[in-house]
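**Q** Letter by letter, the chains look like this.
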Amino acid sequence: MNRNAAPLPLACPLSNTEIELRLLMEAIYLRYSYDFRNYTVASQKRRVLHALAQLGLPSISALQEKVLRDPLLFGRLLEYLTIPVSEMFRDPAYFLALRRHVVPILHTYASIKVWVAGCSTGEEVFSLAILLREEGLLSRTQIYATDINPASLEKARQGIFPIESIRGYTGNYQRAGGRSSFSDYYTAAYDAARFDPALCADVIFADHSLATDSVFAETQLVSCRNVLIYFNRELQDRALGLFHESLCHRGFLGLGAKESIDFSSYSERFDAHSQPERIYRKAT
Amino acid sequence: MKPNDRQSPGRRVEAIVVGASAGGIEALMVLLHGIPPPWRLPVAVVLHLPEGHESHLAEIFAERLRMPVHEAADKMPLAPGSLYFAPPGYHLSIERDRCFSLSCEPPVRFSRPSIDVLMASAADAYGPALAGFLLTGANDDGAEGLLRIHLAGGITAVQDPKEARIPTMPQAAIARHSPDHVLPMRELRALLLQLESAHAD
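Chains as they are written, first to last, in the numbering used here: chain V, 74 to 357; chain D, -6 to 194.
Calculated directly from the structure, the hints in this document are not laboratory data. Even for Gly, the Cβ is constructed at its ideal location relative to N, Cα and C. Any given hint could turn out to be false.
Computed spacing ranges between beta-carbons, pair by pair [stated by the list, open to error]:
| id | chain 1 | residue 1 | chain 2 | residue 2 | range |
| --- | --- | --- | --- | --- | --- |
| 1 | V | Ala126 | D | Ala168 | 19 to 27 Å |
| 2 | D | Met22 | V | Asp344 | 37 to 45 Å |
| 3 | V | Glu291 | D | Arg5 | 48 to 56 Å |
| 4 | D | Phe103 | V | Leu87 | 28 to 36 Å |
| 5 | D | Phe103 | V | Ser256 | 28 to 36 Å |
| 6 | V | Ala135 | D | Asp194 | 40 to 48 Å |
| 7 | V | Ala166 | D | Ala168 | 35 to 43 Å |
| 8 | V | Arg213 | D | Met22 | 52 to 60 Å |
| 9 | V | Glu307 | D | Phe103 | 30 to 38 Å |
| 10 | V | Ser106 | D | Ile18 | 47 to 55 Å |
| 11 | D | Asp194 | V | Gly244 | 49 to 57 Å |
Isolated chain V, as found in the complex (with noise of 0.2 Å):
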């Protein structure tokens, strides 16, 4: 083998904990098909080195024999590889862009589809179709929520948040631009909030990745926020190549606050339609 020609142009030799992670993501892809092998490894390692502290174990190797033979263990570590941190009406400037600049061009729709991908435990599809209520679209627009833990998904379907977090959710929502109370959405009891069922009526919660499953319909819009940062650049790619055929022509792309698509093999095939905002549409 010839030793010069290393495999990555790496500044320094992988450390044991790196190849631990590196062999853990291969031991699941293979058993269990979820692919974090293209995900940004800093992010990765602090939360695997977070699980097995929580788990109580030595080591990533010793994580990795317990998974493989532990579907249930998965199951938890799935917890700690994927991020549930969201909040309803998060960056209030996207929602009230989302109803000033894209609104008005989604009602020249008929029927209207929108992906939420990665949509974790709901927050961002309540948010959404509190929007799409209060605009008049709700009744013509199915929502597609998918995330890749059927944890979250769940939770999402309940539509149950901690009552503690309402009170920032409230703001966020007036800042957005909110033409109701914020109250009108939820029945209060005991330590949480139940979101009226009837806003997630016509959602479909679906088990996706972007990292493996191919597009599934044709959407106006794709919210995905706060997700790619977590991929590496060939995964990013994957998922904005998704996006993009699954946009229909002049569609809109949502995308986190310190998200873009500048780095990205994509950047030519969107435009900015709302820049500060990360709202860009699917270029002719």
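For this one, chain V is given, so just place chain D on it according to the hints.
**A** What follows is chain D alone, placed relative to chain V:
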């Protein structure tokens, strides 16, 4: 001093990471003000700011410094001679391919962005070819990160707590390991210039 010494300013590094909190803007200005071009080392900074507000750090520093200043964006490569600030509300990491990545993981030591996160990831990416500077601040973020740089063979430098506006952060780092340099701001600046000239050679 032998050139191979850990402390030797003649050692080559390929990037600098800086952490600062309360009082950090002023300290950073002293560190970087009037640095003569051509400057070649990339410098990545986590400066704690309240979440939920747009950061104007990049604009503020761009007006005052003679180097390109950016808010670090996801997958942006670190370019020579540029200064980068972590965006508010996101952790900033450096990947092995020497590009930035962002993440929304929960705050670390109540901070997002976290100095520990930037420093630990940069230590993985650069190994011994990294120098970490930790300046004034009122918490213990950065102590763990600086230790990780040290363990990876990089150079660690801490603002002298006697001189720091808020000494807690440098003190926490000094309690965690023995930094290679504990210096007042003016001398930290001299160290930075030495690292740059060694890099440019």
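**Q** Now, for every hint given, state plainly whether the structure supports it.
**A** Outcome of the hint check:
{"no.": "1", "hint": "Ala126(V) x Ala168(D): 19 to 27 Å", "result": "holds (22 Å)"}
{"no.": "2", "hint": "Met22(D) x Asp344(V): 37 to 45 Å", "result": "holds (38 Å)"}
{"no.": "3", "hint": "Glu291(V) x Arg5(D): 48 to 56 Å", "result": "holds (54 Å)"}
{"no.": "4", "hint": "Phe103(D) x Leu87(V): 28 to 36 Å", "result": "holds (32 Å)"}
{"no.": "5", "hint": "Phe103(D) x Ser256(V): 28 to 36 Å", "result": "holds (30 Å)"}
{"no.": "6", "hint": "Ala135(V) x Asp194(D): 40 to 48 Å", "result": "holds (45 Å)"}
{"no.": "7", "hint": "Ala166(V) x Ala168(D): 35 to 43 Å", "result": "holds (41 Å)"}
{"no.": "8", "hint": "Arg213(V) x Met22(D): 52 to 60 Å", "result": "holds (55 Å)"}
{"no.": "9", "hint": "Glu307(V) x Phe103(D): 30 to 38 Å", "result": "holds (34 Å)"}
{"no.": "10", "hint": "Ser106(V) x Ile18(D): 47 to 55 Å", "result": "holds (49 Å)"}
{"no.": "11", "hint": "Asp194(D) x Gly244(V): 49 to 57 Å", "result": "holds (54 Å)"}
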